[in-house]
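Participant: Given the structure of chain L, go ahead and fit chains F, S and A onto it with the hints provided.
Protein chains: 4
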Amino acid sequence: MSMFWDHDDDKPREECGIFGIFGHPEASILTTLGLHALQHRGQEACGIVSYSEERFYTEKHMGLVGDSFVGDDLPKRLPGHAAIGHNRYSTQGKSAMRNIQPIFADLATGGCAIAHNGNLTNARKLRQELVEEGAIFQTTMDTEVALQLIAKSPQVPLTNKLIEAMGRIEGGYALVVLTGDKLIGARDPIGLRPLVLGKLGDAYVLASETCAFDIIGAEFVREIENGEIVVISEEGIESITPFPPRPARPCVFEYVYFSRPDSFIQGRSVYDVRRRMGKYLADENPLDADIIVPVPDGGIPAAIGYSDATGIPFQLGIIRSHYIGRTFIQPTQSGRTKSVSRKHSANRAVLEGKRVVLIDDSIVRGTTSKKIVQMVRDAGAKEIHFRSASPPIKHPDFYGIDMPSTEELFAAQYDIEEMAKELGVDSLSFLSVDGLYRAIDGSPRHDDVPAHADHCFTGDYPTPLADRDSSESSKEYQLSFLLD
Amino acid sequence: MSMFWDHDDDKPREECGIFGIFGHPEASILTTLGLHALQHRGQEACGIVSYSEERFYTEKHMGLVGDSFVGDDLPKRLPGHAAIGHNRYSTQGKSAMRNIQPIFADLATGGCAIAHNGNLTNARKLRQELVEEGAIFQTTMDTEVALQLIAKSPQVPLTNKLIEAMGRIEGGYALVVLTGDKLIGARDPIGLRPLVLGKLGDAYVLASETCAFDIIGAEFVREIENGEIVVISEEGIESITPFPPRPARPCVFEYVYFSRPDSFIQGRSVYDVRRRMGKYLADENPLDADIIVPVPDGGIPAAIGYSDATGIPFQLGIIRSHYIGRTFIQPTQSGRTKSVSRKHSANRAVLEGKRVVLIDDSIVRGTTSKKIVQMVRDAGAKEIHFRSASPPIKHPDFYGIDMPSTEELFAAQYDIEEMAKELGVDSLSFLSVDGLYRAIDGSPRHDDVPAHADHCFTGDYPTPLADRDSSESSKEYQLSFLLD
Amino acid sequence: MSMFWDHDDDKPREECGIFGIFGHPEASILTTLGLHALQHRGQEACGIVSYSEERFYTEKHMGLVGDSFVGDDLPKRLPGHAAIGHNRYSTQGKSAMRNIQPIFADLATGGCAIAHNGNLTNARKLRQELVEEGAIFQTTMDTEVALQLIAKSPQVPLTNKLIEAMGRIEGGYALVVLTGDKLIGARDPIGLRPLVLGKLGDAYVLASETCAFDIIGAEFVREIENGEIVVISEEGIESITPFPPRPARPCVFEYVYFSRPDSFIQGRSVYDVRRRMGKYLADENPLDADIIVPVPDGGIPAAIGYSDATGIPFQLGIIRSHYIGRTFIQPTQSGRTKSVSRKHSANRAVLEGKRVVLIDDSIVRGTTSKKIVQMVRDAGAKEIHFRSASPPIKHPDFYGIDMPSTEELFAAQYDIEEMAKELGVDSLSFLSVDGLYRAIDGSPRHDDVPAHADHCFTGDYPTPLADRDSSESSKEYQLSFLLD
Amino acid sequence: MSMFWDHDDDKPREECGIFGIFGHPEASILTTLGLHALQHRGQEACGIVSYSEERFYTEKHMGLVGDSFVGDDLPKRLPGHAAIGHNRYSTQGKSAMRNIQPIFADLATGGCAIAHNGNLTNARKLRQELVEEGAIFQTTMDTEVALQLIAKSPQVPLTNKLIEAMGRIEGGYALVVLTGDKLIGARDPIGLRPLVLGKLGDAYVLASETCAFDIIGAEFVREIENGEIVVISEEGIESITPFPPRPARPCVFEYVYFSRPDSFIQGRSVYDVRRRMGKYLADENPLDADIIVPVPDGGIPAAIGYSDATGIPFQLGIIRSHYIGRTFIQPTQSGRTKSVSRKHSANRAVLEGKRVVLIDDSIVRGTTSKKIVQMVRDAGAKEIHFRSASPPIKHPDFYGIDMPSTEELFAAQYDIEEMAKELGVDSLSFLSVDGLYRAIDGSPRHDDVPAHADHCFTGDYPTPLADRDSSESSKEYQLSFLLD
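Chains as they are written, first to last, in my numbering: chain L, 33 to 516; chain F, 33 to 516; chain S, 33 to 516; chain A, 33 to 516.
With the rest of the complex left out, here is chain L (with noise of 0.2 Å):
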């Protein structure tokens, strides 16, 4: 017998979904909102600091923002006019309340809230040197660094705290601050992280997604650039550039698998992306089969675009639960459910007999896929033919994409023939990175100036790896207390 979790273990995760709003007067309902259209960035914790009248407002939770941030007193709970919020997804512990963002700091300059979604890739050197010069640490986050360097920081007013502490640090992030009288938001030099702008009557919000505009009503305005910091408040909207320019480079994996198919990306709708995708799956693969059969979610708006570019039908073949808890325990004594997923059924009405395509959006550790396919063999299916829509993942991520050591992905250990017999598939294809290219921008990878961060995929880092290169193996802070 042995405890497993029946997450997607053989998916991607993005850490955090961050949004913020000011300027309304319902401000923590629709950050509440904003959050739970943010959901599938983070499902761990999720917490809210609103400012009302010479006082911030906090709120923490494990769990759903639908589960958490309830009650009809939550406004009084959480009053004001301005407010941040973040979701979170990776666990550390039981004891992680404290690693809940927004995180807060009584600074010399007022008080000063801040979330963050991403990773800084020099935060273990820098944080080292804020110990020596006698900070106290009391999280394990990335975004306390970047809090210590503000706190730090002799520059007034609060906007240039920020800058100098952004002219410290690395890698990718987007941040959502807020204070007794301004929300700033600030995207790293490249753009790696999403944020964008929008607006609601007379009031500002962020976000890390359009879907969270869509939910309370908002509308689009645009993206905030990379390395831009916006800075609202009462007066309006400021925008600063304080760093020298740099071609921007957006996490690729926003298209692949992260955002919501009804959010927009640099204009583009993340669900006719994905439809692309199959296409170009289809057209570099081409095969005869019976049915198209999508390892949902995530795998049916590419099994869409498969179907409608070769005509083969899309069917339901595989059943998603919506009832996935916690943990179970498996059965050790009957042979064939070791197998089963507590998350998908097979539908075998569908599959027996036929040849089957299945399409997902992308394999990492391949242990699902191999459940997945083996169920669908168990129904009856006589061929199976198993389609990425993204690249092989040969290569590990740095700034906040919670992903397996290279030892662990499945494309970094195995040839294509390896990887099919693995999977125990007939055949099996991943989309090219060209393909994807063209998918997302109608155009093949420029080598020398890709569009997008793509390391994952190519090997090619957009930033220097400060914490990775130096001596010490693991960039996780060796805290010596346990959190409580």
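Treat the hints as calculated values from the structure; they're not laboratory data.
One thing to keep in mind: the hints can contain errors.
Heads up, the list lumps identical chains together, so a pair's fine if it works in one copy or across two of them.
Distance condition first, Cα-Cα at most 16 Å in a straight line; then the derived EDC-like pairs of lysine to aspartate or glutamate [claimed, not checked]:
| # | residue 1 | residue 2 |
| --- | --- | --- |
| 1 | K157 | D501 |
| 2 | K231 | E85 |
| 3 | K414 | D320 |
| 4 | K402 | E449 |
| 5 | K184 | E161 |
| 6 | K375 | D99 |
| 7 | K184 | E165 |
| 8 | K231 | E255 |
| 9 | K184 | E164 |
Facilitator: Just chains F, S and A now, kept in the frame of chain L:
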């Protein structure tokens, strides 16, 4: 500001899923998995009773199976080779822990646990009689009426007590009973509520649907017949049919909405039946349009069938969130958001400028449908043609489906044009009753001997309704105390 | 390392305190206060049932009254002019929420709540009969046997049902019953367990002890007589004595240990009785010593009486902690601490070099006494003379006192010299049975018609003991399921 | 109806108890016991930090030690041979989990945990300076000011950081510090707050009071001197006295109220000192009366001393409940109950018709005293003579005692006749300041070099009060956010 539950308030709701297993060393783990597969039949609470060495073990929880029956010590908490379990849908106030099934009694013949799906139509009457004879009820459930009848029966052995009790109760039900040496399954005389028999090695399994067999790797053996009692013990399985034979009339809503698409009923794939509903829906009311958009997840199979029949492309024009929380506060100050759903969002890239066929499995109150239509309209759809893959629901149910009263039923209040106007659609049509029968059986309804219980569509109730016909208006027991 | 409960394991324990009030607009608040004053009679759990406008309200908690029945909304949660409440001592496993009183039933004559202090000596026998007739028990409590008998009685009105039930039960008990229009109190035929009647304005009050009247400002009216039933309604109070008269034999342990020192029993101050026990203890076994040290709190009144009688100074040589928690881990590696108590500590400044008379109210197992003697010895006492203010306990109780079996009773295992040696004291003596009677009544025991139930000291049980005399060894009901 | 806390609102309150141990394999178990013995110094919350193999372990709880640090796995949760712990009294809002000590920081020299009893009188000033230099505070506690000073100190090793920090802070404090290889104890320059050193085998122990040694079987070694730092490591114990010598002035309230009667301070039994207070109280204001009645528990030793000195009998005229819960609703409609306490009850049998000397350790606000006098009067006392075993409290404390402001102090509002009238007593007297000194030291106060800090009685504050003298009226930090 107002609180609201963002549940599927426009859907009928099944009250329960049941499961039982006899003769397997991991009985409680398999019951957990079986209940997980039946989670769509009831998400509010769940319970399991197992039996091992002269003692029954019980555990009950509010919440999902996968959040409740966890922990490596589960086999210690619920030991033994036999177990039964239950998923509950409906809530009756916060203090309803006692109302979680299975319920238990120490009878003169030994311990006896029972779990039940359905509703007794003469429960109120029987309950009054029992109380007058000195019975003390501890719950407000029909199930306890059956259990008290069993306890009072002078017959031996337990099977005969059960037969006597079944002779007095009326309505639609399926039930599983666990004693120290037997697992018993029974189905009401016309088979309104479902119950299927499976086998896993030497162990017998009973469940509401076949999908619970798939998850544990059990084989489907047959359906329990209407009016049949099966008694499973170390001696094997015995079938008893103590009541006069009657034609079966299983509930048609299992095909329309309740059962999981990968389940089989009466030898038919539920998914295939639903695709055929989409096909007949297209045949009965042809129209010209740009895209077929399902209301997920219920409308997806019919939408695929509709698309197949018409060649109009199937698109995910509405995205369903997997992260519905318990409750939200709705903002009041930003007009457009009033109609925004926390469960569904519109995919503007697909809908804008299009003539849309919107397909759902059914319309109950019409409230959610209205919100969805508004959302699709706001996203820029040029025309909206709403299609319900089942006939208009005009009559309430009394056999265990949680549905609103007649006054709240959309199709009982309005004619077809009024409904279209209320919903704000360009056209509206429902599948006909004959179309529904064709999708299931291949032939129209035989009005003299209908093959299914279809009273919600036709008003043709298949059994007497004692409690409804008594002078008291509501069947709910007026317990004079609040349950703890 | 071992877990242990640092409770008063050397003390007998009362199982319950009961309270009822009828005719006061703040019935539930006053019940809360009354139960608080009776908290010493049971600290494990507490429950209250109130009645208002056709409905009963109930709330049950594990823990202390003052931690449980809190909140400004208490009168809303438990509304009405009538209420009954109960404190429970004994625990029967973790899942004993159902075993919290009062318990409730919807009878044919209407709702009925009952709370009970004591024990039925033929409960097992009656329970078996009831189950054979079809009764379903939901708890393992004697109280439910009484309630089931009431429910089954064909008599009307409820008072006659109660009389019929009381005619069948045997043992020692006091009980309060709440119906829609009455508060009923009753005491067993020989008045083993206490029940007193009070008045607060126009409202009547029933309680286990008079201290519950003091806290709410009620006046003591009289004791309920042995075998008496009082029925309180809007018409006033009615007394019924349906059973043949018998001499009363109230339990002597109320004087020795259970009742609070500020309560009055049979017109006598409990505090004064206990001081007189100290006086007779000194008279019966005179000795020369330096200080009198009580084992707090039980031994304090007797120690004051002893000091008054002898002139030897009273000193707080043992300090009692007010902050006893649930449980502690005991260290294993530091020898001396093994005998250290978490509840008592020695006051070295008082004890060092002294000849100490140590006075406690009773000795049950001897375990705590041993620890205390060792502690006093370690603190430097030159001589230790242990005096028990009650006679040796040699026989178990069957009327609701939680006491160990004969084999564990200290005085049943050893003679007086052996006990002194076991305890490690220089001398040991107990108050004589006649001394105890003198302290209470002013005269020695009349062996032919003893005024009290004193079986623990004398073995003279005042009623038949049906369950004990049946073939089955233990009275505990062997429920075949674990309570949830 | 109104909510009220039935706490000892007429008593001063110590803020903390501290404990530390180094060199024992059961360090955390012994810390648990030590904190339990110190529970009277703080009941709101408790925390322990232990160290084992390169890592610190921490656990913090609201509530009592004996309810919190439980479970057989405690040594696994808090492993190691060294630990420190803390009991907290005062509450600062519901969300004060962060304010539970010990607090921790990862310093440049390694991890460091600190727990502290007392109050810094220049904490506000220091905090402002630290924030201006970029420090981020996570709590509102003085203790964190000390910790931030330690973190910022460029000195090495940690001991020198601590000396630098102690050179900047002012006020009264005792503290324990745990690092990876040391346990450090320190006491403020005039020894206002207590700290004692003990030994258990080879292990050293530090605690606020000697009673914490008794419970674990440790031997008392000596008091830590005022201004002394002791450093305990594997090398043994080292004493450092880095500050210029000053006369000690330990707080007199330890004798009057805070310390447990079985503790020893400066070689004197607290119990004996309190008995002598009773003797001098009798000597200073002789009177004729029938009985001496203590207000339990604080007044008991003085009452015994008073009774010894006068020959008037000592009686338990007031009973104290052991079961004080969190809060109660008070009834409004029954006049007499308004003055009824949930903590004390009158023993009518003792009081009726008597001339009573009522003895308490002190009077702060007078509110509880008034209730008790009323209760004693209601119970029939003929005369009531109130005696306070300490002088009138006229001045607030700034060194860690939680006492009301001057306007609320009973003795600061009224002269002695007015106080007697307010209380409703026949006579009232307080012990004189010289009487108090005599009871402690055997001689009256030396006004030029007083041996104790006695400012609450005399107004003679022994240190500067920087925060109080600054323009801002309140010392409480106005954190701009609500702690989570």
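Participant: All hints, please: hold or fail.
Facilitator: Against the structure, the hints come out as follows:
{"no.": "1", "hint": "K157 x D501", "in the structure": "within (11 Å within a copy, 43 Å between copies)"}
{"no.": "2", "hint": "K231 x E85", "in the structure": "neither (23 Å within a copy, 54 Å between copies)"}
{"no.": "3", "hint": "K414 x D320", "in the structure": "within (13 Å within a copy, 36 Å between copies)"}
{"no.": "4", "hint": "K402 x E449", "in the structure": "within (15 Å within a copy, 51 Å between copies)"}
{"no.": "5", "hint": "K184 x E161", "in the structure": "both (12 Å within a copy, 13 Å between copies)"}
{"no.": "6", "hint": "K375 x D99", "in the structure": "between (21 Å within a copy, 14 Å between copies)"}
{"no.": "7", "hint": "K184 x E165", "in the structure": "both (10 Å within a copy, 7 Å between copies)"}
{"no.": "8", "hint": "K231 x E255", "in the structure": "within (12 Å within a copy, 58 Å between copies)"}
{"no.": "9", "hint": "K184 x E164", "in the structure": "both (13 Å within a copy, 9 Å between copies)"}
The earlier numbered hint that this structure contradicts is number 2, and it is the only one.
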